[in-house]
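Q: These are the residues of each chain, in order.
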Amino acid sequence: MKLLTHNMLTSHVRGVRPGGGFPLRIQATEVKVNNVDFNQEFVARMIPKVEWGALLEAAESLGHLSDLPHQLPPEYENNEDFLRKVHHVLLEVEVMEGILKCPDSGREFPITKGIPNMLLSEEEET
Amino acid sequence: MEKEASQLEKDHVHRVYEKIAPHFRDARYKAWPKVQQFLSDQEPGSLIADIGCGNGKYLHINSQTYKLGCDYCFPLVESARNDGHEVMVCHSLYLPYRNECFDAVLSIAVIHHFSTKERRVRAIQEMARTLRVGGQMMIYVWAMEQKRRKFEKQDVFVPWNPSPPSWTLSNTCSRGIQKSINQKDKRLAMDQHSTKLAGTSKARSSSFVGEKETTHNLFEKSLRWSLFSRSLDSVLDLSNQWHQRELNTFSNCNIQLDELNTGKLFEQIRQGGFMKHISNLSLRCRQNFEDNASEVAVEPGSPMIFHPVPFKSCYSELGQDTKQPPMSPAIIYDCSRVCLPDLLSHQKDVKQQLKIDYHSKQSAFRKLQNRSRTDSSLQDTDNDCSMATRNKQPQRSPNGACLRYYHVFKEGELVELIEHHVPELHVIHSYFDHANWCVIAEKIHVWKI
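If you read the protein sequences in the order shown, they are chains R and V.
Positions in the first sequence are counted from 1; adding 1405 to them yields my numbering.
So in my numbering, spot 93 of the second sequence is number 87, and the numbers just go up one at a time.
Do not take every clue at face value.
[Unchecked claim] In silico EDC-like pairs for lysine to aspartate or glutamate, Cα to Cα no more than 20 Å straight-line: (1) K1437/R x D77/V; (2) K1518/R x D77/V; (3) K111/V x E1530/R; (4) K1437/R x E1497/R.
[Said to hold, decoys possible] Over the 10 Å line for every Cβ pair with chain R, so calculated as not near, a few chain V residues: (5) R9; (6) E12; (7) K13; (8) H85; (9) K111; (10) K147; (11) Q148; (12) E405; (13) E407; (14) E418; (15) I438.
None of these hints come from the bench; they were simulated from the model.
All C-beta atoms, glycine included, are put in the ideal place defined by N, C-alpha and C.
Same shape as in the complex, but just chain V (with noise of 0.2 Å):
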């Protein structure tokens, strides 16, 4: 289970971050508040690591301490260190500090990208033998219950788009968008957006610039998706039948699949005994803003989010407006190949339990072979479908999103973490914080007998 865990974080959480690391600068990453209060509060000459500093931003908060960043990530590091910061690359499995040297410690979005509970305790119970007696931890990880959007399961892959066409004045106006959307009127949200797209130098894709893009248009060619996977703590099981068919659905929809091998693909997959992550896609229709259509998440400092648009608001659309092409059907997209590390002690109970899902995508995908068939001839968009590719490349969803992987916590799990499995640790204060939930605990001694 270990290395396939550590395999999955390499292709989701590390690969992504080596990628998208000179795109940190955006305003969209800020420091939290909360955080920076937490270090200001630190008495004069105190010691503080940052666990996952990522490039640095809480690194210069409080001047009269001396901070260590670490991360796994080089070019975060490097992108710290020419702030001029103190910092070094390692793993947070395995933190090249003696015990107990640091006054405070910070885990600010880190643990959420690992894997299996069991990791997430290690990490945790490795960041307080740094901390010194007395001294406090602050842990923040992504909730899985936020405001205005809701992930469907804990473990999910969450697309970082580089340059995500609605999104590229994110970093300047997502506030406003922010605001619009909580609105009734979201499409008046919308259309505010596009005006200030199209008049703006910002955007990132060409074909945005100069253009009369319409919100249907720039919806049109970005996909909106939410991304499913199974914990590794769960077990999952896809019966290659059951692949042959999502393959059928792909090929109706006249989808363009890059580096396509799939028979031997999912041959070598099934031979190989290794699980799929499956999770739908499905094209950002015209935006219906009623009630039951999906929001568009925004949030600075977090990054994109999407919900499956439901097919029934989707298809509503469709018909709607002939001078606009139509719309690709939902697309299945293969996040990732990874052999889940219980896999082979509980494959037939997994069996079972596939059956009820598998019946309820089915008839997901049934209603979009129906509909696709009676639209005209299917559009290849700019940003076609990709099929992930078998090489150790980060999955690359369409858009040249790269996929990361997280592990949203519960109302109460982090805590219930650290109360049953690091003794070490006493848990203080716990909050949510614009969509994390938190938890400040202190170092204690623990007297064994």
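So here's chain R without its partners, still in its complex pose (with noise of 0.2 Å):
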């Protein structure tokens, strides 16, 4: 499970508040770090769909935190430094193991072989 992909993830249990199951906090066994090929347009169009806040959140549960910004820098699309290191955080680490738990209810969902599992029982379903 990369990054992005948690940026899009959410807690759906029964009862849990509106907006109160994201984000899920990572609870990592086994992380991976792959090579993937930089895009500069890719990851510049791709911040704006991004939970800013969730992903260094994230990206700091795993240490990989670097020295993103807490902000945003202005003119960002051309700041391929920056770009690249938003690269790396979204696409290059990978959670192989883990437990993605969420925030309001405490529900753990697991992660195995890279792959969340995000099935809920018949209770929880709403």
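Grab the two chains, each in its own frame, and use the hints to assemble them into the complex.
A: Following this line, the structure appears as structure tokens:
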């Protein structure tokens, strides 16, 4: 599970407050770092779609925050240095084994072989 | 109703896909070109969700976009993962995505597996929730109206045969077969096929390899059937009396029944108020390729569907070739033991409705009974028909095929579903493609007053 994926994920357990299921806290037991080709335009276009705070939080929990700024720099589209750092965090860091924890309910969703299991039990379905 | 619908889907969609997942690599499961086009048309930097991605056959398209696949089936998701895709396991009625995060959403051959209209609507609503305003969704569902085959009902069980005797080469020569079938001389097509089959090393059934199989034998060993089920939205009730008569037909036909304890079975069912889906099975006879003979449905990218052999044409063949062993007549096959959702409230109304159906089916079976008695001893083929088992296994049809539930869509049905029940989606384009009804819809603002 890449962090770009993680940024889209939310807990959807019954009873969770609207928005309360995001972002899921990552407890990783195995993290992999890959080399992914850098595509500047792709990363620049992806940034507005991402919840920036959640991305920082996730990166930090995996020890890959490096020196990503808390605020988006102005005109980041042309800031290759910045974009490369974002690229690394979004696409090159992968959680292979671990747990995603709902911040509201504490419910844990396992990640196995890089695949999050987001299935709910019948009781949890809304 | 919810529980029953969910259980039906568990038995006849999820469990089946788990079993057949390893075979999804077959060439018959190809990506539709128009779907590929839809993906290619998305802007660079788009976030795209493939809901019900299966083994991820669309996830590699357009590397300028980021695609997330999800599916209920673990083995399929693992397969997609092994290809390097970002995927997860979830249920499409409960998507683990935040609101409006995707630029585009795909739903290819998914929502026809939902067993009630309400669930189909919910599936579309849930996908619409994750789509941003201005984003587009593409939905493909199986059509009831197809060019070369006809579903008689909208809710059907379709067998998926892991080693279809005649179709072991479907992944290599199905296109050839298709063309041949469209021609008048279908017998020639079958002969060609059988020649290929005999000579190939790809044949999975060992009984075919090296044997001089005639077309006749091939089809004798495989079954063709069309399976019906009543919609879970309508009502179905089968009186115990009818069950007993069906059972009698069974035993008259001298068909071997697996795990048979039918008296007890039906009693339990009757007491439990469960409904049964009954389907007609008929052995595929030697092909009589007159106009009224049913077609063998072969289409790349879709599972096998079989037509019921018109009894008349079937029997016309029975006496003709005395060298061949006689055919078994049609067999009743119990598809599932599912409590239909609105059983309790509508039981009375249904009995009246059922009487009509009962008679038409009964007369058909009478013909079979009469015919079977005049034949010489019936032969159990290698592929014995088996009564649906009472356990929770996916119902096995003969040849070990699994039965998948489909609600096939009528023309306009998908559009109507969206227009009447999903106000946040606006249908841009709807069309027919390769036996599917297709819709492209855009997410719009819904102003609530």
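Q: Tell me the numbers of any earlier hints that the structure contravenes, in ascending order.
A: Hint 8 contradicted; others consistent.
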